[in-house]
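Spelled out, the chains give:
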Amino acid sequence: MAGESNGAGVFGSSIRRREDPELITGRAKYTDDLQLPNMAYCTILRSDYAHAKINSIDASAAEALDGVIAVYTASDIADSGVPGGIPVGWLLPDMVIPEHFMLAKDTTRYVGDGVAIVVADDLYTAHDALELIYVDYDPRDGVADPKKATEDGAPLVHDEAPNNIAFDWEIGDKESTDAAFANAAHVASLDIVNNRLIPNAMEPRAALADYNSITGELVLYMTTQNPHIHRLLISLASLGLPEHKIRVIAPEVGGGFGSKIHHYADEAIAAWASMQLGRPVKWTATRTETYLTDAHGRDHVTHAEMAVDANGKFIGLRVDTYAAMGAYLSTFAPAVPTYLYGTLMSGEYDLPAIHCHVYGVFTHTVPVDAYRGAGRPEATFVVERLVDEAARVTGLDPAEIRRRNFVAPDNFPFQTQVALAYDSGNYEGALDKALEEIGYADFRSEQAAAREQGRYLGIGLSTYIEACGLAPSAVVGSLGAQAGQWESAVVRVHATGKVTVYSGCSGHGQGHETTYAQIVASALGVPYEDIDVIEGDSGVMPHGWGTYGSRSAATGGSAIASAAEKVVDKARTIAAHLLEAAEEDLEFEDGSFFVKGSPDQAQSLPDVALQAYLAHNLPKGIEPALEATSFYDPENFVFPFGTHIAVVEVCANTGNVELQRYLAVDDVGNVINPMIVDGQVHGGIAQGVGQSLYETAVYDEGANLLSGTMLDYAVPKAHFLPSFETDRTVTPCPHNPLGVKGVGEAGTIASPAAVVNAVVDALSPFGVNHIDMPVTSEKVWNAMN
Amino acid sequence: MYPSKFDYHRPSSVQEAVQILSSNPDAKVLAGGHSLIPVMKLRLAAPAALVDIGRIDALQGISRSNGSLSIGACVTYNEIANSADVQAAAPVLAEAAGQIGDRQVRYRGTIGGNLSHADPASDLPAAALALGATLHVTGTGGSRSVSASDFFVDLMMTALQPDEILTSVEIEAAAAGTGSAYVKFEHPASGYALCGAAAVVTRGAGGSCTAASLCFNGVSSTAVSASDVASSLVGSDLSDDAIVSAVSGLSIPDATGDMFASAGYRQELAKSIGIQALLAARDRA
Ligand SMILES: Cc1cc2nc3c(=O)[nH]c(=O)nc-3n(C[C@H](O)[C@H](O)[C@H](O)COP(=O)(O)OP(=O)(O)OC[C@H]3O[C@@H](n4cnc5c(N)ncnc54)[C@H](O)[C@@H]3O)c2cc1C
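In the order they appear, the protein sequences are chains A and B.
Residue numbers are given in numbering that gives the first Met the number 0: position 741 of the first sequence equals residue 740, and the series is strictly consecutive.
Residue numbers are given in numbering that gives the first Met the number 0: position 146 of the second sequence equals residue 145, and the series is strictly consecutive.
Keep in mind that the hints are not guaranteed to be accurate.
[Stated by the list, open to error] Heads up, simulated BS3-like pairs for lysine-lysine below, C-alpha to C-alpha not over 27 Å straight-line:
no., chain 1, residue 1, chain 2, residue 2
1, A, K147, A, K595
2, A, K52, A, K173
3, B, K40, A, K716
4, A, K497, A, K595
5, A, K28, A, K52
6, A, K28, B, K40
Think of the hints as simulated: they come from the structure by calculation, not from any bench.
With the hints as extra help, turn the sequences into a complete structure.
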């Protein structure tokens, strides 16, 4: 790292998040806080039926209501001449891609599917009017379970997709895997349901669209994790406006967890309405709409098997998964149970044969797409549960069987059987550290003693790997992405030496304003306070691909580092000219250039910047000003890893699971800000514990969402959770300039398996070898009785 | 999350409130608003008018006289949980009130609203039942008293007439040798009681049990009293064994089953939570 000593050695220090004072005092401005003159409000009528034909829509009473400006249906959108589409951005071979229009045309396919739009002078009227629109529905049967949906005779979501199969995908080698099973001494086998989750970002989705009919420009403020992707999709598929006439701005965004990556109809609807009316239109989801329309996560039904030889070595892994897509293919949905899932099946293990087969299945539910971890939590759950089951069938300790199968530290880069090449790792190092800190050996005797007293303690390991920062773009493209995965940055040193950094990522709670400034402070040797970071406005920064998939440090941070390096290079040329020295003779330290051995005659970066702007005395061929742009396309994914351990006690009387300890030893490469990394790990663990013990989206047989409010859908509360213990090992990423990996999803990826392994361990005296998530007290009680 | 239009009234006396209610059949009483406003925002209820009773002095305050405790309908959970009078005379009510929701809910929600709403999963009905509370109500026809055991009629249904307001809750102060406890098994989503048990036991001079009650929230369409358990405890020595064996026969008629917990599991949970409540009550007696 250049300049680590200066910029106050700021890279690697736990500076407090500079974004927090505004956020916690309520001054930050979110989309719904924004008001524009003459603004109207839009609400969307949503189908009450999972599956119905629309015979007719009578909006006359709504239109007659005082304050209602307009009511629109799908035919109005079609008649306006816009493309009206909501596209899928990841293509798999032979995938069925049904039409997805901005409103349901003649069929609704999930409870929440948009049917009509109201625009009114005020929000209350806009909601009142929804109740006055009469839709004559002809209800049909629906199906919500992804496996049942593939059975013959199941109601079809789209006629063009027989058995509701959107795609049939596989990875690995079936033949060699079957051969491994034929030779196995032991086979561990599990049926696993990965429960469906509702994202629950604190801020509901919202859009404020301002179309200027004179200039033809659309300014769209919206809750987005990736303004440029939204601009692109709205331009190409939804509204047909030229890309340069659309400016997508992400004001403060209150969390996303994936749900604000995707391009939904609703934000495009607000924009379309603004185009029709020539006035600003705002739409803000209610929490109910959030539950009904934000893309859900997970929802897999899987059968998985591990073949093990007589020495406890894994020799084969076989996985069959039915993955729900919901009613339509959402933006990146097809990638989630395929390239983000099947490719992770090797886990941390040297597995010689793997075969993973996935059906992507249409169901009469809201679409499923990336949700914190996206495919990798599902894969890790399969692998880590199977590893524990393999330990059980072989009689080995769960830690020991992992040790026997880890990819060895000297075996990197490691090519798995499922496409990925792991860059670096030391899996046993993280495991040893975690076992030591949790007191694994002592725990086993404590557990035995407790059982004598009728108390059931359990410990669960999850030795996880995550693949994030998808890259390089050419590879991602060859797998079906209709997007690049490089990232952009501009580092602009002003004439006074102050710095503005622009990133194509778009943070929404991660702390980029702090960590990116730390990167630049270290690289340029300028004070941290002198650096501002700006993100989230397609009108201001170069194209970028946004924030998701734990990519922002590895891709956006690296782009910033390389732009900063370009700035230093240019400054060095100017400084050499000013110092009348050769560039090679210059040192750059603490933000100053000087000839080796004579630091008293220095040119500081601000000195150089001023000269660069004045341009009175620049070396030949050097352009004025001091800034650089970088478009950084990583060589490879990054592969964070670690060991998480959960300790639980289950209550024999009630079945209640108490999470007593949770320890995470993560390796995320170099750490820019330890406090922020801990915060990401904490949040991720809480969400993963949520999945494992509490959260589940429940649909009934007719595909009605039963868990439609926070009264029914259990997001974990602080008092459900112990104080997490976190630690790290550091194995720098070898292929990016910062040596950083990703951390945003590690906690969610690792923790469900750790928690469930702990519960299964606690219940082992009852002959339990698996329990599906969420592990509710009733499920545990039933398992014990 | 936007309610339909409604009128708003803020009467300053019970009489005035009752008048408004009787002349507006679609009006509803507004107390702490922590059940009513959410259902209005979900448009599951659309009262034409709200009658805000929060500023009526007569509905405020906790008082103790002649061995009985009187709590105004608009007294908040926070006041109840922290009241020395309630802690002394009816500690199980203070304990239950202290476990409701979160701090914000406890500062707004009222005992009158909680009992009148009659949500089977809320925390106060079982305590009111176990304490044999008397509920005072006033309507256009005058005032009357209803015992807690007659008050809870069915799911979200009480003995209140549309023009009646619950004005206060009266509880006989605990006799000497009485201990009580409220134990709650929280619903992980709502925080309400998946099962809540209120137990009150009294020991006589000789140490044996002279009176007992065990009532549950969350397991049935109304708060229920396990009178069989209570009567089999009377006369016992309240030993662990006596309690466990009394509860082992517990059967909740029409136990509730929903997507989070089946009726069968709620039955079992009631036993376990009931035993915990009785043991704790005994230890305090
Ligand atoms: C986030 C949250 C968490 C909660 N958690 C819990 C919990 O854990 N346990 C629990 O028990 N409750 C819980 N509640 C509900 C809370 O206790 C409510 O306050 C209570 O159910 C209703 O009391 P209120 O004073 O708010 O009444 P309101 O909401 O104002 O009224 C409720 C109903 O009672 C009627 N009403 C109110 N007062 C009277 C009266 N004096 N006479 C006649 N009718 C009247 C109203 O017309 C209305 O129909 C929670 C609520 C929220 C929002």
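With the threshold set at 27 Å, check whether the alpha-carbon distance from K28/A to K52/A stays at or below it. Since the Cα atoms of K28/A and K52/A sit roughly 41 Å apart, the hinted pair is violated (cutoff 27 Å).
Please verify whether K147/A and K595/A have alpha carbons no more than 27 Å apart. The hint is violated at about 73 Å.
Below or equal to 27 Å on CA atoms is what counts here, so check K28/A against K40/B. 24 Å, holds
Checking one constraint from the list: CA of K497/A to CA of K595/A, max 27 Å. Satisfied? 26 Å, holds
Proposed proximity, K173/A with K52/A (alpha carbon, max 27 Å): 42 Å, violated
Given pair status - K716/A, K40/B, alpha carbons within 27 Å: Holds, at roughly 23 Å.
Figure legend: structure checked against the earlier numbered hints; hints not met, in rising order: 1, 2 and 5.
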